[in-house]
Amino acid sequence: MNRKEACFMSLITLFKSSLLSPKKLAAFRLVPMGKTMQYIFFFILLFSLLAFSQFILGIGETTQQLDGLVDYFNEISWLLYPFAFILLFVVQTLLIFARISILSGIALVIAPLLKRRAEYRFLWRTTLFANTWSFLLLLAAYPFLSETPYVQWFSYALTLGFVFAALKYYPKLVKKA
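Here the sequence shown is numbered in numbering that gives the first Met the number 0, starting from 0 and rising by one per residue.
Because the hints were derived from the structure by calculation, they are not lab data.
The reader is advised that the hints may include incorrect statements.
What the hints assert, rightly or not - Think about it this way: if two alpha-carbon atoms lie no more than 27 Å apart in a straight line, the pair counts; the simulated BS3-like pairs of lysine-lysine are:
#1 22 / 171
#2 114 / 167
#3 174 / 15
#4 174 / 34
#5 114 / 22
#6 23 / 114
#7 23 / 174
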């Protein structure tokens, strides 16, 4: 895949390919950063909307139990909800970027052991696209994450499995003479 083809790839094509092909995951290291950011912010938006809906439902349950808070929340809801959504969006962004960065760092340590030449910037993109299955799993399990922490650990292992499968399609490490 050359850069021109990567520029015109749609997010749906990236999504489908990242679900099915470790070889394409390795090729996605050449996808331009703009397209990569579109892809990641789509998932961040989904996670933020889920968190916001839980926030709204949680506020509704809490305020039913405390009569004085109902009036207070009604008075400041015009300020509370937008601020809460922005805050949740920022937190989700930080968490997802940290997740991808840490998993990319692990892959950077493992790449030479697999005799593959890899740069962090390329591994970061590959790790982002390798997270697709994990993101889908976490989106499905989002309401239950506090009850089952093992889902989070399984998603890390799943992502690293896809990254390691993609690493075998990275260029081989050249031995220095």
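Going down the list of hints, with the structure as the test:
Only pairs whose Cα atoms come within 27 Å are accepted, and residue 22 paired with residue 171 is accepted, the gap being roughly 14 Å. A hinted pair counts as satisfied when its Cα atoms are at most 27 Å apart, and residue 114 with residue 167 qualifies at roughly 9 Å. Straight-line distance between C-alpha atoms of residue 174 and residue 15 comes to about 36 Å, which puts the hinted pair past the 27 Å bound. Distance hint between residue 174 and residue 34 is unfulfilled; the C-alpha atoms sit about 33 Å from each other, more than 27 Å.
A threshold of 27 Å between alpha carbons decides the hint, and for residue 114 with residue 22 the separation of about 17 Å falls inside it, so the pair holds. For the hint pairing residue 23 with residue 114, the CA-to-CA distance comes to about 19 Å; that is within 27 Å, so the pair holds. For a cut-off of 27 Å, the pair hint linking residue 23 to residue 174 stands: about 26 Å separates their Cα positions.
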